[in-house]
Structure formats: C-alpha cells, structure tokens
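Asker: The chain contents come next:
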Amino acid sequence: NAGVTQTPKFQVLKTGQSMTLQCAQDMNHEYMSWYRQDPGMGLRLIHYSVGAGITDQGEVPNGYNVSRSTTEDFPLRLLSAAPSQTSVYFCASSRLTQLLEQFFGPGTRLTVL
Amino acid sequence: DQQVKQNSPSLSVQEGRISILNCDYTNSMFDYFLWYKKYPAEGPTFLISISSIKDKNEDGRFTVFLNKSAKHLSLHIVPSQPGDSAVYFCAASAFQGAQKLVFGQGTRLTINP
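For the protein sequence lines, the chains are A and B, in the order given.
Residue 68 in this note's numbering is what sits at position 71 of the first sequence, and the numbering runs on without skipping anything.
So the number in this note's numbering is just where the residue sits in the second sequence, counting from 1, plus 274.
It should be emphasised that the hints constitute simulated quantities derived from the structure, not laboratory data.
Careful: at least some of the hints might be erroneous.
Label pairs and their computed distance ranges (CB to CB) [as the list claims (entries may be wrong)]: (1) A:Ser64 x B:Lys330: 37 to 47 Å; (2) B:Ile292 x A:Leu110: 42 to 52 Å; (3) B:Asp305 x A:Ala(-1): 30 to 40 Å; (4) A:Glu27 x B:Gln288: 36 to 46 Å; (5) A:Thr17 x B:Glu316: 40 to 50 Å; (6) A:Ala(-1) x B:Asn331: 28 to 38 Å; (7) B:Gln288 x A:Ile51: 42 to 52 Å; (8) B:Gln355 x A:Gly0: 21 to 31 Å; (9) A:Leu76 x B:Lys374: 15 to 25 Å.
None of these values were measured; they are calculated from a predicted model.
Ideal Cβ placement from N, Cα and C applies to all residues, glycine included.
Let the hints inform the model, and build the full structure from the sequences given.
Answerer: Okay, structure coming up:
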C-alpha cells in the first residue's frame, strides 16, 4: 500500500494563480481531510469529507474548494492564490470508526509570491 | 483563540533521560486527546491517545498523563532515544467520533547523545 500520497511536493505560485493540490489514498478510508501547517499555529483543518460526495468546512476554509468524487481522491483547489496561503499542506485519511488515528501524507510546500 | 496550546516551542534532552512534553487545553468538551509525531519532510504519525475517562495510558516507552481538572496533558518518553528527535503535536477531539481534531502548535524535541 502506498498509503496517502500528495502531489506536488513543492509549488511556487504567483498571486492570483489557481492550482489544485492532489491527494490520494489506497486504504479505502471513508474520511479524508486537508490541513495547513504554519509556524506557531500547528495544524489547522481546512476541509474534510466523510465519503464520496460529502464535504464540509473546517477551521480555515476561506480561499479553498474541495470535492470528493471517489473514495480514493480528495483534491484541494486554490482558485486565486494569495500570499497568506503560503504554507505546508497535509492531506490525511482514516476509517470513520477510527477518526482519532489519521494517516497523513508527506505534505506539499506551497509558496505564493 | 487557541484551544490547544503547547507553550514550549522546543525541548532538548540528553539520551537516556526522560522527555516530558506538555499540552494545555481550554475547551472542557474535549474528551479524547492524542499525540502525533512528525519528522522533517514527512507527515505527522499517530503516537498515542487517551480518553478523558482515564488519567494515564502507556505504550512502551511512551506514557500520556491527563489531568482533567487542570486541563493539562503530558507525554513522557522514557528512556529518550536519538530517533525520538521530532516535532510532537498534541491534539484533542470533542468525542471519539468527532470529525475534527484540534492541534496544538507543536514542540520540537531534540535528543542529544
């Protein structure tokens, strides 16, 4: 099993550009989520999904869109990137019955100039 | 408002000694608490958890203590090993099936030989 995979590992964007961060898992987990990690702020939940077709907002959803068309994939879209979105982004997944033990991907480091 | 706080950004401990990482929380609705460990360029990995009905949970060299009246938990690592050098995140959840984890800022632990 590859676990949780994220692409790309690094990305540099200009303000106003759009892009999609990819996340996939091969563990048949129902729950998937996106976090951002900023210095001194820990991990903050952006969006999450409890299954295909179901998404909901986390703590810091503004500026981000998500969709969940399959169990395996949970892409995160930045429609118009801003410097405040410079961060490290982590995708995670888990069984709905084991939400406390989430499996994280390796992260995407995004810089918005 | 930070609901889960790790007030020590960093901690340095000699190999073989005890490492104690601390975490405070403000939300009395939190019922489950977790510790995640993160190495550079990797995603966090689940380490240990504790339910609010317990005051201690052990897993090998790792023990988590919970003091509900003080809204405080700690992670003890005994004996500390060089491979324990990582960033440790404390996290909390309102109940086991809650779909959101709230993370602290993290503490960077360095084990010196």
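Asker: When you take the CB atoms of Glu27 (chain A) and Gln288 (chain B), is the distance between them in 36 to 46 Å?
Answerer: Because 44 Å falls inside the window, the suggested range holds.
Asker: Is 28 to 38 Å respected by the C-beta to C-beta distance linking Ala(-1) (chain A) and Asn331 (chain B)?
Answerer: Holds - the Cβ-Cβ distance for Ala(-1) (chain A) and Asn331 (chain B), about 30 Å, lies within 28 to 38 Å.
Asker: Quick one: are Gln288 (chain B) and Ile51 (chain A) within 42 to 52 Å, going by C-beta?
Answerer: Holds: the Cβ-Cβ distance is about 49 Å, inside 42 to 52 Å.
Asker: For the range 42 to 52 Å, tell me whether the beta carbons of Ile292 (chain B) and Leu110 (chain A) fit it or not.
Answerer: 45 Å, holds
Asker: Between Leu76 (chain A) and Lys374 (chain B), is the Cβ distance one that fits in 15 to 25 Å?
Answerer: 23 Å, holds
Asker: Can you let me know if the beta-carbon spacing of Ser64 (chain A) and Lys330 (chain B) is within 37 to 47 Å?
Answerer: 42 Å, holds
Asker: Do the Cβ positions of Asp305 (chain B) and Ala(-1) (chain A) conform to the proposed distance bound of 30 to 40 Å?
Answerer: Given about 33 Å between the Cβ atoms, the range holds.
Asker: Hint says 40 to 50 Å; check whether the CB-CB distance for Thr17 (chain A) and Glu316 (chain B) agrees.
Answerer: Hint violated: Cβ distance 22 Å, outside 40 to 50 Å.
Asker: Measuring from beta carbon to beta carbon, are Gln355 (chain B) and Gly0 (chain A) in 21 to 31 Å?
Answerer: 24 Å, holds
In this structure, only the earlier hint numbered 5 is contradicted, and the remaining ones agree with it.
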